[in-house]
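Trainee: Note that the protein sequences, when read in sequence, are chains B and H. Per the working numbering, residue 424 is the first one in the first sequence, and the count goes up by one each step. Per the working numbering, residue 895 is the first one in the second sequence, and the count goes up by one each step.
What the hints contain is simulated information worked out from the structure, not anything from laboratory work. Idealized CB from N, CA, C, for every residue including glycine. Hints should not be assumed to be uniformly reliable.
The following label-pair restraints were derived from C-beta to C-beta distances [stated by the list, open to error]: (1) B:S623 - H:S898: 30 to 36 Å; (2) H:L1115 - B:E548: 52 to 58 Å; (3) H:V988 - B:G544: 27 to 33 Å; (4) B:L609 - H:L985: 25 to 31 Å.
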Amino acid sequence: MKHLGKALAVAAFMLATSAQAEIRFGVVNEAYAPYTTKDASGKAIGWEIDLMDAICKELKEQCTIVDVSWDGLIPALESKKIDVIWSSMSITDERKKRIDFTDKYYSALAGMIGAKDGVIGATAEQLKGKTVGIAVSTTQSAYFKKHFAEIATEKSYATVDESFQDLASGRVDYIFADTGPLKELLKTDLGKECCEYKGSVEADDAVLGAGVGGGVRKGDDELREKLNGAIKAVRANGTYAEFSKKYFDYDPY
Amino acid sequence: MDFSWIFEYQDLLLYGAFLTCLLLTISVTLGFALAILLAIAQVGRGSIARWLSKSYCTFFRGTPLLIQLWLIYYGLGSYLPHIPGLRSSFLWPVLREGLFFAALALTLNFAAYQGEILRGAMLAVPKGELEAARAVGMSPWMILRRIWLPRAIRIGLPTFAGEVVLQLKATPIVFSVTVMDLYGAAYKIRQDTLLVYEPLLLVTVFYVSLTFLITQGFQKLENAIPVRR
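Pulled out of the complex, with its shape left as it was, chain H reads as follows (with noise of 0.2 Å):
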């Protein structure tokens, strides 16, 4: 076991920590917000509504991740260039980095397996909570802010954790479009040394670690809002 080149190679490993995490962070948040509309869509009355929500979840769902991102990556960012007066904007920073694409992809798939996960939960909550609210005379908006999504979250929410965890370990691919995350940093330094193991032993503790810290966060929250049976 060499672990010298920790030492040697920190300020590319931290940042590339950095990165995994900003990543999940982005496409958890944004993607969870996207799911919200998605199952809205889905249990709501609107038809159109509802076939445009289901392909989203089936497309996302039924093609492979790299695929996705390397379609957005390679094939929309290479008609990107030819829009007139981009390359030139002040757009054109952001665009031109793998970053973006990377939590774009991560983001709209997240959303479909989030919003399939959150219908369930909604279809879950009792009947009769939903009747009660309408009983007292809320309109369907409150009832949808204030009763249907806080207790689907809720009846949700252990799921919602491995979902989390599904996601951290989906973002190492995001390698393949020049993201130095974690993940890269660690494929750079195998190459590098031409050390095998060590680079990777060092990353399945981050990974490990990142995981629990997730599932605790999960268990805290959900201690938090008992749930009466």
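Same shape as in the complex, but just chain B (with noise of 0.2 Å):
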């Protein structure tokens, strides 16, 4: 028994100071192509983790990734579990209540996508009387809530994959996400052969938020201020968009 709460403690002593010495980046365990997602050993890659390798090294900092679900990331943050959201989480008044953001990385545009039937739009009028699937809790969502909640049904799910599983086979009309991750639904084989993109909502920066950050705890200034900084770096010296040329054919900024 003695030895083992010395082992406790060494043990926690090494994780206490090995925190100290590191970024802890939370990052989402569902996937969120092309953002942040696995490769088939398990490895976290996208587009957001090349961001953050390019940020580390801009910062010369030692960073990990935690792994953290969509739901868990505010929490985890507040627990000091990790240092610093950076899961696409959209920087809106909500979520400024209870966290700070860093400056934007990217910029969401929140669209529509249905199936293959050469009505294109997305707006109330083709809405009318049909249901769209929405992850839920998303600034879609919210955004939902304001605008077409009166005139058609909202679907809930709990990742945007879900939901394309039930676009193809016909349970839902339309989904409701960021452009991003839907443009690389639309690329797999199932995507081409059931879905086109209807197009985006009309901007309402009020809910649908300004822009990605990444999200520190409150009053974390010196952490907020330095990935600042990294951003600024790494946009102007052309690293940003050196890696964004292989997932866009756009500046995601």
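These two chains come separately, so use the hints to put the complex back together.
Mentor: Pasting the structure below:
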């Protein structure tokens, strides 16, 4: 028992010291291609991971990735299991009540996909009486509540991937999500066969947020400033544009 | 502790509680009916029926409920639209919803567990009682209806209460197929308000209360039908 106690104390000490020497990035463990996803061996890859690597190189810091589920990100940040949320989290007023954000590092564009039927557009007129699949508690869900709740039905999913299965089998008419992952889904065999991009919705920054940023603990200004500086630096020195080319045919900023 | 969200979300919560109770009621009633058939098949003489029933129970008890639910919802459910005419038929509004598939999966699963318990209970009915029934000239069907099944159900009653409670606690997984049950409502509230514990506490109280009601109900039932020992 004595030895166990000692071993635990040593382990706790090691954890405590190693935690100070690095920045822990909280990344969702649900796939969110092209931003964050995992390769066959379980290693995190994607645009946001490339950005993280670039930033850490810029800061000359040791960075580690911590897997957290989407709904656990903010609690994990507050309980100091992670130091920064790095998971396509839009900067919204609601979230700002709980956490601080870095400057934005990309802009999320909300759009819709639906069955191939030639009807293009994502307006109230098209959506009338339709069922729309939305990942629960996303900015799109808030947008839907504000603009479309009266005319169409919302169906909640845990992830965008799951709603895609239901779009293919006709259980929802549209999926409303961030354009990046939607276009990724359309590139799959199933996506090519069944569905098409319908268009983006009218802008509403109040609910859709002012871009995506890294979430940090309230008052952790030192880290926030450091990350802001690094985001600026990788934008300026061309690294940002370079790795973005691998994923997008446009500038995601 | 912040519970100010309750009023804003009360419709969602009430409807969620309704769906949880609905799913529990449907799956327990229909599952129990199916379980009777499964148990009879297993204690009966037909070897094919026995084998079928045994395989059914092994399969449904041997795979996680989540996998069954997803196989039924995403597997079966994605083949349905390819049946010609179904998408424009009157059945489609039902088949389109996750609720139908959730109820189906919960029912099939409950029946498998219940069937095994009922089989054991049927074997536990004293041979003498069945022989006495035969001696007074009852037909096999009448023995089953009047003696064997009622006695078996009474023997299994204390176990059924536990099974129903387990079934209640299995219902939250229906959220994974878009059914906004009570857990689904709590999940949404947690995500919307960024509160971690309060919505979970609220549903905990609900589940515990419902469990209390279920066990009390079964207790009453047990007391109402005393067993002579």
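Trainee: For this structure, which hints from the list above don't hold up?
Mentor: Those not satisfied: there are none.
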